[in-house]
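Sequence order for the protein chains is A and B. First residue of the first sequence: 1, per our numbering; consecutive thereafter. First residue of the second sequence: 271, per our numbering; consecutive thereafter.
Take the hints with a grain of salt, since some may be wrong.
[Unchecked claim] Pairs of lysine to aspartate or glutamate, EDC-like flavour, derived with a Cα cap of 16 Å:
| no. | chain 1 | residue 1 | chain 2 | residue 2 |
| --- | --- | --- | --- | --- |
| 1 | B | Lys455 | A | Glu88 |
| 2 | B | Lys448 | A | Asp96 |
| 3 | A | Lys168 | A | Asp249 |
[Claimed, not checked] So, partial list: chain A residues that the calculated Cβ filter (under 7 Å) puts toward chain B:
| no. | residue |
| --- | --- |
| 4 | Val24 |
| 5 | Gly28 |
| 6 | Phe94 |
| 7 | Arg99 |
| 8 | Pro103 |
Don't read these hints as lab results, they were simulated from the structure. In this text, all values refer to a predicted model and were calculated from it rather than measured experimentally. All C-beta atoms in this analysis are idealised placements derived from N, C-alpha and C, irrespective of residue type, glycine included.
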Amino acid sequence: MTDTQTPAPAAATAAVLVEHVSHVYGSGPEAHHAIEDLNFSIRPQEFVSIVGPSGAGKTTLLRTLAGLLTPSSGAVWVDGKRLSGVPESMAMVFQDYSRSLLPWLTIERNVAFPLAGSKHSRAERQEIVEESLAAVGLAGFGKRYPWQLSGGMQQRVAIARALAYRPKLMLMDEPFASVDAQTREGLEDLVLSIRDRYQMTILFVTHDIDESVYLANRVLVLSKPPAHIVEDLLVELPEPRDQITTREDPRFVQLRGHVARLIHGGPAEE
Amino acid sequence: MTTTDTSTRALATRAVRASSRRPRWRRGLVSLAYFVIPLAVVIGVWQLVTMLLPPAPFFPQPFAIFANLWKLLFGGPGGVTKVFTDDFLTTIGRMLLGYVIGAAWGVVVGTLMGLYRYARETVSPIVEFLRSIPATATLPLFIILLGGGNDMRVVFIAYGVSWFVLINTASGVGAINKTLLDLGKVFRISPARRLFRIILPAAMPKIFAGLRIASTAALLLAIVSEFMLATDGIGYLLVQAQGRFQLLNMWSWMVALAILGLLINFLLEWIEGRVLAWHKAARART
């Protein structure tokens, strides 16, 4: 991580580079220091989980990386460019799937929605939409409306919409927080499969420790606010991951315990 | 996942089949019956009572009222009467024009208020103050400012109507959830497209609620505006009938207004059903 000290070359090669980023909401005695002096970089096609206690500024960090929030201090580089506003070729999957889909549009038109400003022809767009829906296992559902689908399916539509945008960087804000456990496992494996297929860098915010370890190549553990990075953990579990064997793997068990201790405290490791 | 998919699909088709089992026309007929039967009972009782009791000049028989109204509107030599074209249609024209202008103004200003906090905070006190004045009470002022002509009446209706649409639009646009706004920004949607494809559709249920109340207000204000300094219109005819003690005519125009109000409401409901079909269906699911 010493290369973050020299911004120029690191910024050129990293998918995301975060330097001394702090954000304070409000001012004076009521000021809330959400994140403080965050430094990290993400390589292209890396899958990084960000995990931390609730209210730890995970969302603040993600909004900063998305260009939706200008941090109080520090700088963010995405794909070699210093961030000012929302970067190109970045897509986001929101936590609240029921609100991020437009209920007055069909699934097809929801997925096509971000393509409106693109140079694609109508036929190309249709092709992209169909391919994206197929990638999330929803081929043939294009004419339905979001409210006709289950929660897990709606979130898959949101993922398809992000895919149709052909992003290099995908930000996911606790995307599976409100689906049931079984659906969640399916969605986790779906995300891993599309990551391989579309070769994206994925930043995945979650409060679920198991999920953060299961999905990622790296886990960034945030502290309570003002949030800083407590530990930057490499996850060297065999790929492809498997819901049963990966979770049985002693290294997985050890890692999740380690992360849990970092977040909740508790008895020290042996 | 495939098993859940097929079962959801089966469920959806089953739901579609269940709702199509009862044909649309039959459902329409049932709701029409619910509407017509109570009304028919009231009119029937009224007719019976007025027939049985000695004639009361203040309360004519309903059938006589309907017959008289028909004669007033369609009893001319060539079908429609001069009253129909010069008064009845005049009132409808004024009302519609005032309604459209007022609604458009309300949507524009309401959207600006909903979008921009500064606009909302500076304009809100003025809006609250002005809309507290009963719109009907502003008629004398409009007459002094704009005279007693048709333009004045249209402007007066537009003014009174705009508040309902404005308030509802502002609250609908202002209450749009943050995720939808973020969605527009994240996918770099142009500001115009964000407004017309995300914000306004999301606010549409609220805007329509305002449009509905406004339609009732438009008819009310049209009639009130014709009470003063008018030479035509249903409101003018009502005052005339009262002055000349033509009670049958007075009742006839009241009934005409009731029918007109119902028609407008049905029309709006129909449009709303088309525009907001997604909203009704989505709400029925949750």
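Unsatisfied constraints (hint numbers, rising)
Per hint list: 3, 4, 5 violated.
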